[in-house]
Each structure stands twice: as structure tokens, then as C-alpha cells.
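Undergrad: If you want the building blocks of each chain, they are given just below.
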Amino acid sequence: MTLSVEALAVVVVIATGVATVAPIVLLTLFIRDWKRGRLW
Amino acid sequence: MTLAEDAAILPAGIAWGLLLGFGVLWVLLGWYLGRNNRTAVDHMLAGRNVGLALATATAMATWVTANTTMTAPQLALQLGVWGMFGYSLGALGLILFAPMARRIRELMPNGFTSGDFIRLRFGTFTWRVFLVVSLIYAFGWLVSLAMAGGVLINALAGIDYRVGMTVILTVCVLYTLLGGLRAVIGTDFVQTIIIILGVSFIAWLTIDRVGFEAIHFNLLEERPELLNLLFPAAIMFLFNNLLFGVGEIFHSNVWWSRAFAFGRQVGFRAYLLAGLLWLPIPIVAGFVALATPALGINVPVADMVGPLVAAEILGLTGAIVVFIVVFAALASSLDSLLAATSDLVTRDLYRGHFRPQASQQQLYRATKIIVVLLGLLTWLAASYRGELPIIGSLAAVLYFTGAFVASAIWPVVAGLYWRRTNPAGAAWSMILGSGLGLFSYFAIGFYVAALVGAAVSLAVLLLFTWAAPRDFDWGRLAEVDPDGDDGNARGRDPMDTAPVYPTAASRTPDPHNPGCGPLPNGGAR
Chain A
1 MTLSVEALAV VVVIATGVAT VAPIVLLTLF IRDWKRGRLW
Chain B
1 MTLAEDAAIL PAGIAWGLLL GFGVLWVLLG WYLGRNNRTA VDHMLAGRNV GLALATATAM
61 ATWVTANTTM TAPQLALQLG VWGMFGYSLG ALGLILFAPM ARRIRELMPN GFTSGDFIRL
121 RFGTFTWRVF LVVSLIYAFG WLVSLAMAGG VLINALAGID YRVGMTVILT VCVLYTLLGG
181 LRAVIGTDFV QTIIIILGVS FIAWLTIDRV GFEAIHFNLL EERPELLNLL FPAAIMFLFN
241 NLLFGVGEIF HSNVWWSRAF AFGRQVGFRA YLLAGLLWLP IPIVAGFVAL ATPALGINVP
301 VADMVGPLVA AEILGLTGAI VVFIVVFAAL ASSLDSLLAA TSDLVTRDLY RGHFRPQASQ
361 QQLYRATKII VVLLGLLTWL AASYRGELPI IGSLAAVLYF TGAFVASAIW PVVAGLYWRR
421 TNPAGAAWSM ILGSGLGLFS YFAIGFYVAA LVGAAVSLAV LLLFTWAAPR DFDWGRLAEV
481 DPDGDDGNAR GRDPMDTAPV YPTAASRTPD PHNPGCGPLP NGGAR
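Read top to bottom, the protein sequences are chains A and B. Per the working numbering, the very first residue in the first sequence carries number 1; after that it's consecutive. Per the working numbering, the very first residue in the second sequence carries number 1; after that it's consecutive.
Keep in mind that the hints were calculated from the coordinates and are not lab data. Treat the hints with care, as some may be off.
Said to hold, decoys possible - Listed below are several chain B residues computed to face chain A (Cβ distance under 10 Å; list not exhaustive):
1) Asn49
2) Met84
3) Phe85
4) Phe201
5) Glu213
6) Ile215
7) His216
8) Leu227
9) Leu229
10) Leu230
11) Val266
All C-beta atoms, glycine included, are put in the ideal place defined by N, C-alpha and C.
Looking at chain A on its own, in the form it has when it is part of the complex (with noise of 0.2 Å):
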């Protein structure tokens, strides 16, 4: 049973596109924290 090559590219392209929005969700998170004081 081999893995085509549609569901390789939609497996990393899904993968590959929350990497990238990660460090998004962490600063928005990180600005967030910081404007409301709730940092540490």
C-alpha cells in the first residue's frame, strides 16, 4: 500500500502550514500576555 503522491503533498503542506503559523500564535499570544501584565 503505497502513499500517493496527492496525500504526501496534503499531509506536509498541512504540516509544513501550522509550522509556519506557529511562531504567529506564540507572539500574538506572547503581545497579549505582555499588554495584560500576565507575562510571568
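Mind docking chain B on chain A? Use the hints.
TA: Chain B in isolation, oriented as in the chain A frame:
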């Protein structure tokens, strides 16, 4: 094992510049973040109110080790798509720990270490067994990370193994010493951003420059087994990795100390979000290895496939990106482990066994001395890589700890959720699980150690608890004083009516801290 400088993908001069530049940055950041630390609580738990952003990033960064960035591509090259999918299941450990982190914070609002929990929940004997298990694992992981630092710097830049290992270890010891957990968490945030941006950048460029069609076509021609969804060895690896990852997170003080340090409503969300954001990283990092047939790259050493692909696609820039990512990944795990292990040694060994009356200032000093001693011990063990029987390779060190790690899963889970768990059963499940797991490691192979350890541990725990169920009052777990002066650091059996090793404080209840003395009914409130 030292590679010739001309075989490296990065000139040594640039590597030294990056090492010194980032090393100085981490140390300065650590000093800045920890400049207001005054007590052991500040140093060990960063004030117990870490927010969601820093909490999520530190959980992610600690779980992204050099293994994730270097071994995920190696596994993709050796085990195919299941290699990278299997590695990404390590995220389940973080996700499953999310509800546990919330429960830990609720049950032990003033806890310090995983040792505190085992001591209060199961008593002295189980606590000591747990400390042996936990410290063997922690030291094994520390040594393997230090070794990984030396090996990777040597492989990437041709810098001598011991020199590279010494530099990375020194930088991590310095900023952990200066800033404690606050420094660790603060640097982890920056390191997480660097790691994720680096691996994503290389993955997008691989997709753009090589393309899925070419990757898939060349894999089918040259390595069709890597696309096989029924690759038996890979499926075995998937379960083994899952169990090992869950065991590591459930018992280790690295994760418990964070559960105590995160704000009250933060632990669950932070671990859940960290797990979800960590899940794709091994796929992103591992995928690039599948491009080797399409790129026509000859891979002499499997664990160098990631850097080789990056260097092929991006040239010198790719090598620099990989070097920075690997340095950040190594530092983010080494610092966490140094901090959490020094906490465990300070709190559970030094104070728990030798200086029960140690003051806050003495504990603060002890924590710092212990960080340095741990660094020195790690350096010594990593320096003799290949010359001691166990310390042969990274994998050997890690898998050796597998039996210990897996045998601690069930005592921790049952201790948190199952009121009737038998304390002696918890101890013997770790002893027999570790023992038989180690036996299987030598008698059968590394790949069964964790599995046997976990299975034996579960069977023993169930048997003891079925034969002699014991009741427990969850309120006992809240007995730790917020300043760490619970007056009963040596603990007592939760079923006994008197402390096992009565200290002055436990013999005479403190009028200022009535919760510290022995309870007339043996602990049940």
C-alpha cells in the same frame, strides 16, 4: 568519530562566530531575566505565574530536541513516511499531560517537584525508588544531549567533539545558573521561534525547488519502501516511540516543574497548544529527507541527512540555518533538564535527605551549586563517550533509560487519579518494571525495554492494588508550604500514623504553619 574539517558543511570560522554570538545572547538574556531572583522559589519556579505564551513556548522548545531536528529526517530516510509520522506522535505525550498538569496544580498548589508528589502520595520508600528512576533518566538524557551537541557541531562544522560539547554545556550551565527557570523559559521562547522558522523555511524551499512530483517519482524508483504504509518495522517504531515519549513526559520533573510554575489556569491550555503546535514539526523536519533521491544526494551517515539536504538546496545559507536551529534545539532542552534536575536534587536529595532544616537562602545557594556540579558530571560522562560500556552512542544512552521511564508511567497516572492505589505496589512496579525492562534490553534488544518495563509495571501495580487497596485523602497533597518549608521533607508513609523519619518540625507542629505537623489520623483530613 571526529570528522575532517573538509567534510563539514559549514566553515569552522562561521560556526565559531555563531556559537559565540548566540552563546553570549543566551547568557545575557538569562542574566537579565533572572536579575530579580531572590529566593529558591524565584529561581526554581519563576514565580509560579508563567503566562500562556511563555508556557506554551517552553513546553514546545523543551520537547524539540536535537533528536527532533536531526533524527526526524534520519527516521524518514530509514523508515519512510511512518518514520516522520511516528516521531510526530511524540506530541501525544504533551497533549495527554495537559489534563494532568491541571490536576497537579489543583492538588498541589504549592508543590515543587515530581518527588514532592510521590513522597506525599506514596511515602518514603516509593519516593526513594522514584528518585533513583528519575535521576537515572535525567542524567541519561543530559549526557545524551551533551553528546549530541558535540557530535552535531563536529559533523556540521568540523569542530572537535569535546570542544563543541564543552562550549554548548558551558553556555547552558551559565544562563541556567544566572537566571534559573525564568532564564530557561525566556530563552526557550526565542529558541522556539528560531527552530520553527528554520525548519519551516527549509521545508518550503524543498517543496519549491524539488516539488512533490519529483520527490514521489524518485522515491518510487529508488526507495519504494519509504512510501509503503504497511512497513512493519516502521509501525513497530511508531508504538515504541509513543510509549517512550509518554513515559518521559509523565514522570520527569522537567514537565512537573513547569506544571507548578505555570499560572493556575494556564497549564492545561499551554500543554495542549504546545502538543498541537509540536505535532507537525517532525513531519516538516523529516520530509526533507525524502528529497534525497530526487536531489541525487549521497548520504554517508543517516543522521546527517537533514543538514545535507539543506546545504544542497541553500548552500552556505542552508548550513547556517541548520546550525542555528540545532544549537537552539540543543540549548532549549539542555537548560530545561539542568534546571529541573537541579531542583529535584536540591529539594528531594539535599533537603529531603541531608538538610531538612535548610533555609531558603541555603536552598537558593544549593540549587546554584548543584547546577554547576550537574554540568561537570555531564561533561565528564560525555567526555568518555565510547569508552564506557553504556555511554556508546546517543541511541544507546536514550534507549537504556527506556525501561526506567516506562516503568514510572503507571505509578504516576494511578497516583494522580486512582485513590485506592497501593503505595508499595507503586514502588515495586517501578523496581520490577525497570529490572525486567533492563533484562530485556540486554537479553532481547533495545526496542523492547520500554514495552516490557511498562507492561510489568502495570501488572505489578494492578496486582498489589487488587490484593490490598489503600485509601488516600487527596488533601494530603496540598501540604507543601508555598515557601518550600513544609517541615516534613523526608516524608512519611501516607498510611502511617507517624513520620517515618520525624524531623524537629514534624514532631512539634509549627503554630505558624499548622499543616506541617503529623496528623492524628495519619494524614486523612
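Undergrad: All hints, please: hold or fail.
TA: Right, here's what the structure says about each hint:
{"no.": "1", "hint": "Asn49", "in the structure": "holds, 6 Å"}
{"no.": "2", "hint": "Met84", "in the structure": "holds, 9 Å"}
{"no.": "3", "hint": "Phe85", "in the structure": "holds, 8 Å"}
{"no.": "4", "hint": "Phe201", "in the structure": "holds, 9 Å"}
{"no.": "5", "hint": "Glu213", "in the structure": "holds, 6 Å"}
{"no.": "6", "hint": "Ile215", "in the structure": "holds, 8 Å"}
{"no.": "7", "hint": "His216", "in the structure": "holds, 4 Å"}
{"no.": "8", "hint": "Leu227", "in the structure": "holds, 5 Å"}
{"no.": "9", "hint": "Leu229", "in the structure": "holds, 4 Å"}
{"no.": "10", "hint": "Leu230", "in the structure": "holds, 5 Å"}
{"no.": "11", "hint": "Val266", "in the structure": "holds, 9 Å"}
The structure fails none of the hints (numbered hints given earlier).
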